[in-house]
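Novice: Listed below, chain by chain, are the residues.
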Amino acid sequence: MSEAFEPAARPLRAPSVAWRVIQGEAVMVLPATGRVHTLNPVGTRFWELVDGQRTLGEIARQLHEEFDAPLGRIELDCQHFAAELGERRLLAT
Amino acid sequence: MTGKAANAVPDGAVERARAAVAPLHVLLELTYRCNVRCVHCYLAGREEEMSLAELIGLLDALAEEGCLVLTLSGGEVLLRRDFFEVASAARARGFALRIFTNGTLVDEARADRLAALEPVVVEMSLLGAAPETHDAITLKRGSFARTVRAAELLGARGVRVKLKTTLMRPNLAEADQMALLADSLGAQHQVSFVMMPKRDGDPSPLALQVDDRALRRRLDRRERELDEAPVPRAVGDDGLCSAGRAACSISPSGDVYPCVLLPLKAGNVRERPFGEIWRDAPPLRLMRELVTRHKIACQNCDDDGHFFCPALNMLQRGDPAHMAPQAMRGQALWRDLGR
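The listed protein sequences correspond, in order, to chains S and L.
First residue of the first sequence: 25, per this note's numbering; consecutive thereafter.
First residue of the second sequence: 532, per this note's numbering; consecutive thereafter.
These are calculated hints, taken from the structure and not from any lab test.
Treat the hints with caution; some may be incorrect.
Claimed, not checked - To list a few chain L residues with every Cβ distance to chain S over 10 Å, as calculated:
hint: 1; residue: D613
hint: 2; residue: A627
hint: 3; residue: D666
hint: 4; residue: P701
Stated by the list, open to error - Computed beta-carbon distance windows for the label pairs:
hint: 5; chain 1: S; residue 1: G48; chain 2: L; residue 2: E807; range: 43 to 49 Å
hint: 6; chain 1: S; residue 1: E90; chain 2: L; residue 2: S784; range: 52 to 58 Å
hint: 7; chain 1: L; residue 1: R700; chain 2: S; residue 2: N64; range: 48 to 54 Å
hint: 8; chain 1: S; residue 1: V66; chain 2: L; residue 2: E820; range: 30 to 36 Å
hint: 9; chain 1: L; residue 1: D643; chain 2: S; residue 2: T57; range: 33 to 39 Å
hint: 10; chain 1: S; residue 1: G76; chain 2: L; residue 2: R700; range: 55 to 61 Å
hint: 11; chain 1: L; residue 1: L711; chain 2: S; residue 2: F91; range: 52 to 58 Å
hint: 12; chain 1: S; residue 1: Q77; chain 2: L; residue 2: L610; range: 37 to 43 Å
hint: 13; chain 1: S; residue 1: E89; chain 2: L; residue 2: L574; range: 40 to 46 Å
hint: 14; chain 1: S; residue 1: F91; chain 2: L; residue 2: A863; range: 49 to 55 Å
hint: 15; chain 1: S; residue 1: S40; chain 2: L; residue 2: R577; range: 33 to 39 Å
hint: 16; chain 1: S; residue 1: G76; chain 2: L; residue 2: R680; range: 55 to 61 Å
Built from N, CA and C at the ideal position, the CB exists for glycine as well.
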């Protein structure tokens with residue numbers, strides 16, 4: 025799992041996930057589990073950026089520009105968050 | 532990030548949708564045609580159905596307004612020849628799908644196509660544990676066997692199935708067996724107790740209602756089922772009605788209502804964009820104000836508003852703001868059981 029989400033990885037939202045952004049927060053339904061997930065505003069922005077085109081490193085830099093946090097910390101957070109989403113089958117690998 | 536098993540949406544999402552006035556859950560009736568004739572059905576009459584092109588335009592509008600959970604309902608949805616085109620278009624637009632069907636038209640091929648849609652759940656009515664009981668309520672011989680077969684076919688394909696039972700006098704004695712049957716099929720089982728008048732106000736389904744004494748005996752044994760009953764909920768994970776606040780329904784001809792059972796037409800999507808109707812139509816704005824007001828009022832009388840059902844009120848009292856006898860009955864049952 026961790027190999028798939030190194031900085032050069034290009035994570036992609038699982039195609040089956042249904043989601044909408046409501047008042048800046050993503051609400052997601054994974055049909056396979058019937059579970060509903062919600063993301064905070066930073067997680068939501070991350071979710072919007074994981075399009076299979078951008079690398080995790082590029083996403084981290086984008087978040088660094090948009091949110092007031094050190095790049096190194098954002099890079100680590102992105103890797104951990106991607107791993108968490110992957111474990112929940114919300115990202116395609 | 533939080534996760535929660537659900538068929539609808541989590542509390543927080545509902546609250547955010549209400550705050551944003553987003554139609555998080557829309558029930559879209561594709562047709563009123565049906566191949567069974569359930570004696571307790573709330574539908575009355577038929578409508579000219581929207582075309583596939585009209586429906587796809589509507590799906591775009593619903594996605595634009597923030598709808599996440601789309602329920603495709605009928606009538607019997609599989610009687611529409613273009614059902615799978617509609618459902619596929621919905622999935623392509625990012626909706627989580629719930630599909631209501633009676634299951635009688637689900638064969639191997641259709642089960643494959645339904646599974647390919649990856650619905651959150653397929654919901655079917657189970658109205659008896661014995662074929663003759665179920666078929667006597669649907670007025671369709673063989674419907675029990677076909678519905679059970681549909682549950683098997685879908686379950687085998689990994690589709691989550693919910694079997695919904697409306698307990699009424701003809702099937703009350705089979706309540707436990709129906710729960711066991713659902714378990715044996717690997718399906719969820721949802722029980723409701725309160726009969727609804729037909730949408731045109733015809734109270735005839737209420738004649739099938741289980742009397743309170745029998746219902747109390749039943750509830751004492753199967754208390755968990757009360758969680759799924761006794762007053763229908765539009766979406767509301769908080770137990771309060773979401774009609775017009777985070778949910779609405781749309782009829783086959785495009786009429787928009789706060790709820791599938793609430794005959795307060797807010798507009799028609801053939802005449803006015805859905806977004807305008809959702810944001811501005813007086814019946815929907817009324818519902819937003821009404822439920823909030825009722826909840827506040829309930830806080831002064833140790834109630835939490837769980838049994839405030841504007842649709843029941845409208846159908847039984849002619850006014851969505853006045854508690855209906857059926858709602859008061861549910862409230863009394865709830866209190867008696869110490870919930």
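Novice: Please go over all the hints and tell whether each is borne out by the structure.
Specialist: Verification of the supplied hints:
1. D613: Answer for L:D613: holds, closest chain S Cβ roughly 21 Å.
2. A627: Non-interface label fails for L:A627: nearest chain S Cβ at 4 Å, not farther than 10 Å.
3. D666: L:D666 is indeed farther than 10 Å from all Cβ atoms of chain S, at 30 Å.
4. P701: 31 Å, holds
5. S:G48 <-> L:E807: 43 to 49 Å: 24 Å, violated
6. S:E90 <-> L:S784: 52 to 58 Å: Violated, at about 45 Å.
7. L:R700 <-> S:N64: 48 to 54 Å: The hint (48 to 54 Å, Cβ to Cβ) holds, given that L:R700 and S:N64 are roughly 50 Å apart.
8. S:V66 <-> L:E820: 30 to 36 Å: 34 Å Cβ-Cβ, so the 30 to 36 Å window holds.
9. L:D643 <-> S:T57: 33 to 39 Å: 21 Å, violated
10. S:G76 <-> L:R700: 55 to 61 Å: 56 Å, holds
11. L:L711 <-> S:F91: 52 to 58 Å: 53 Å, holds
12. S:Q77 <-> L:L610: 37 to 43 Å: 42 Å, holds
13. S:E89 <-> L:L574: 40 to 46 Å: Cβ of S:E89 to Cβ of L:L574: about 54 Å, so the range 40 to 46 Å is violated.
14. S:F91 <-> L:A863: 49 to 55 Å: 52 Å, holds
15. S:S40 <-> L:R577: 33 to 39 Å: 35 Å, holds
16. S:G76 <-> L:R680: 55 to 61 Å: Violated, at about 40 Å.
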